[in-house]
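Chains F and E are the protein sequences, given in the same order. Note that my numbering gives residue 163 to position 114 of the first sequence, counting from 1, and the numbers run on in steps of one. Note that my numbering gives residue 229 to position 202 of the second sequence, counting from 1, and the numbers run on in steps of one.
Derived from the structure by calculation, the hints contain no laboratory data. From the three backbone atoms N, C-alpha and C, an ideal C-beta is built for every residue, glycine too. One thing to keep in mind: the hints can contain errors.
Label pairs and their calculated CB-CB ranges [said to hold, decoys possible]:
id, chain 1, residue 1, chain 2, residue 2, range
1, F, I295, E, F33, 40 to 46 Å
2, F, H115, E, K210, 37 to 43 Å
3, E, A89, F, I229, 27 to 33 Å
4, F, G189, E, T155, 39 to 45 Å
5, F, L119, E, L32, 37 to 43 Å
6, E, Q83, F, A77, 50 to 56 Å
Some, not all, of what chain E presents toward chain F, calculated at C-beta under 7 Å [said to hold, decoys possible]:
id, residue
7, L63
8, H139
9, A197
10, A257
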Amino acid sequence: MTAFAPKTASGAGRTDRFYLLMIVLPCAFLALLYFLPVLNVLVLSVTEPQPGIQNYQMLAESGALHRILLNTLRVSLSTTALTLLLGYMFSLGINSMAPRTRTVALFVVLASFWISALIRAYAWVAILQPNGLINQLLMGIGLIDTPLILVRNELGVIIGMVHYMLPYAILPIYANMAGIDRSLLRASRALGANRWRTFWWVFFPQSLPGLAGSGILVMIFSLGFYITPAILGGGRVVMIAEYISIQISETLRWGVATMLATVLVMVVVALTIWMSRYLKVGGGLASKGGKS
Amino acid sequence: MNASLFPRIVAWAVACFLALPVLIMLPISLTPNRYLSLPKDGISLRHYKSLIDDPQWIASIADSLFVATLAAMLAVVLGASFAIGIWRRGGMAERVLQPIMLAPMIVPPIVHSVAFYKGWAEIGLLDTYTGLILVHAMKGTPFVILTVAAALANFDPRTEQAARSLGASAGRTMAWVVLPQIKGGLLSGAVFAFFISWDEIIVALFITMRQVYTLPRRIWDGLEDNIDPAIAALGSLMILATVALMILQTIKKR
Numbered sequence: 050m051t052a053f054a055p056k057t058a059s060g061a062g063r064t065d066r067f068y069l070l071m072i073v074l075p076c077a078f079l080a081l082l083y084f085l086p087v088l089n090v091l092v093l094s095v096t097e098p099q100p101g102i103q104n105y106q107m108l109a110e111s112g113a114l115h116r117i118l119l120n121t122l123r124v125s126l127s128t129t130a131l132t133l134l135l136g137y138m139f140s141l142g143i144n145s146m147a148p149r150t151r152t153v154a155l156f157v158v159l160a161s162f163w164i165s166a167l168i169r170a171y172a173w174v175a176i177l178q179p180n181g182l183i184n185q186l187l188m189g190i191g192l193i194d195t196p197l198i199l200v201r202n203e204l205g206v207i208i209g210m211v212h213y214m215l216p217y218a219i220l221p222i223y224a225n226m227a228g229i230d231r232s233l234l235r236a237s238r239a240l241g242a243n244r245w246r247t248f249w250w251v252f253f254p255q256s257l258p259g260l261a262g263s264g265i266l267v268m269i270f271s272l273g274f275y276i277t278p279a280i281l282g283g284g285r286v287v288m289i290a291e292y293i294s295i296q297i298s299e300t301l302r303w304g305v306a307t308m309l310a311t312v313l314v315m316v317v318v319a320l321t322i323w324m325s326r327y328l329k330v331g332g333g334l335a336s337k338g339g340k341s
Numbered sequence: 028m029n030a031s032l033f034p035r036i037v038a039w040a041v042a043c044f045l046a047l048p049v050l051i052m053l054p055i056s057l058t059p060n061r062y063l064s065l066p067k068d069g070i071s072l073r074h075y076k077s078l079i080d081d082p083q084w085i086a087s088i089a090d091s092l093f094v095a096t097l098a099a100m101l102a103v104v105l106g107a108s109f110a111i112g113i114w115r116r117g118g119m120a121e122r123v124l125q126p127i128m129l130a131p132m133i134v135p136p137i138v139h140s141v142a143f144y145k146g147w148a149e150i151g152l153l154d155t156y157t158g159l160i161l162v163h164a165m166k167g168t169p170f171v172i173l174t175v176a177a178a179l180a181n182f183d184p185r186t187e188q189a190a191r192s193l194g195a196s197a198g199r200t201m202a203w204v205v206l207p208q209i210k211g212g213l214l215s216g217a218v219f220a221f222f223i224s225w226d227e228i229i230v231a232l233f234i235t236m237r238q239v240y241t242l243p244r245r246i247w248d249g250l251e252d253n254i255d256p257a258i259a260a261l262g263s264l265m266i267l268a269t270v271a272l273m274i275l276q277t278i279k280k281r
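So here's chain F without its partners, still in its complex pose:
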């Protein structure tokens, strides 16, 4: 017994070290190759072109920057609001469907999630451009004479972004709704509340965590979004990500670019911490991974 005990202890020690190593190695890998380059860039925002906070002062002074930030905020907020509205209605709708039809509707959502953002933006250009499908259709039936401007403006960007974000919003909202206890609704009805009252007073408050979580998630993705605004905005609706890219590749103003990158990271980190009150970060993705 006593001869055996030290052996297990040292064996356990070795196991502990083994698992510790399994944690430490990936962390060191990311620390060196991910966090170091990112921190390096964040530091540039106070050292480039000379040490100081002059880049951050531009945030208060530059009209061009104000326009970019306002564009980003306006497009992101519109996208988030529309995505939540449509995502919530969608989830409500499939909640009252027969299981088989619900599977079909959810399949469409998942398929959309898995299809390349680039390919989807391309398809939206084909649909929305002046000689695109919608304009051809409307002019073909004689409803309009001159093509509607649906792309290379904010409308096009928002259509494309809502389309991209919907699956991210729907999955947590729906997961939350599916977990609401139905017997509470029956109790409310039995106690004499009508459908509307039951919905607003019993169902809706319980669905708020899913709604808040997806709202913040969509906001996080929207603020830093690059592909869809760049393609569907056609250079006319410049958001912060595209602006950073222009500063790096064309005007070579590293100070401004890294300052904006720092601001973006800080906002996104703050939103993520806020979101973790409502959603387990990545929880929806993990279950989606298991499902698909």
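Mind docking chain E on chain F? Use the hints.
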């Protein structure tokens, strides 16, 4: 019944909106015209043919497959190792390190693209396969951590302890007891990581030029020049492959 009819109508409208770009891709790819249009008189496979005939498309597909495969493998090693480590040790490591390791998923791509552009230039990894594979692997790692952690949540840690107390070494326990139990999580993590790399464009725009020219990069440059229907042909093939894989997966689950 009326109260739930309206949301159901909206639900189908949303489903149609989501499916619209997908459904439009196929007819566009079959147009006989040189430009983006719906086929009016007859269909043609010329854009599919130009995809096969053009060695550049094939080269980009090969580049993307190569980068995505190696990136997914590296991501699985990094992510699974971390997820198993914190599953076994828990506590501080789990609460503090896990959110940090998920950062590549949350930090806006434009931010780390600028960071890698700067960092890789300093160590000579710009426009190399190694450089792109490293970035893509790190972007895939959080997804592997999440899928493997989800798989481990259903796996009783006592099984692992039992194997250890019966005299199996840590390595043998890993290979014979732990890994077989989480095959599903490893596989979905790998699929996620592969897809993240296969679809990644922003980092590729910053850190690759001519040597490494992935498929999204070529599509992006194609969009800048003119809207070529060959991209619709490629998009249709990618959509069909995606939907086929999803249907296969659904059938297997039954």
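Here is what the structure says about each hint:
1. I295(F) with F33(E): 40 to 46 Å: Since I295(F) and F33(E) have Cβ atoms about 44 Å apart, the given range 40 to 46 Å holds.
2. H115(F) with K210(E): 37 to 43 Å: 53 Å, violated
3. A89(E) with I229(F): 27 to 33 Å: Roughly 49 Å apart at Cβ, these two residues miss the hinted range, so it is violated.
4. G189(F) with T155(E): 39 to 45 Å: For G189(F) and T155(E) the Cβ distance comes to about 51 Å; the hint is violated.
5. L119(F) with L32(E): 37 to 43 Å: Taking Cβ atoms as reference, L119(F) and L32(E) lie about 40 Å apart, which means the hint holds.
6. Q83(E) with A77(F): 50 to 56 Å: 39 Å, violated
7. L63: 5 Å, holds
8. H139: 6 Å, holds
9. A197: 4 Å, holds
10. A257: 11 Å, violated
Of the numbered hints stated above, those contradicted by the structure are hints 2, 3, 4, 6 and 10, listed in ascending order.
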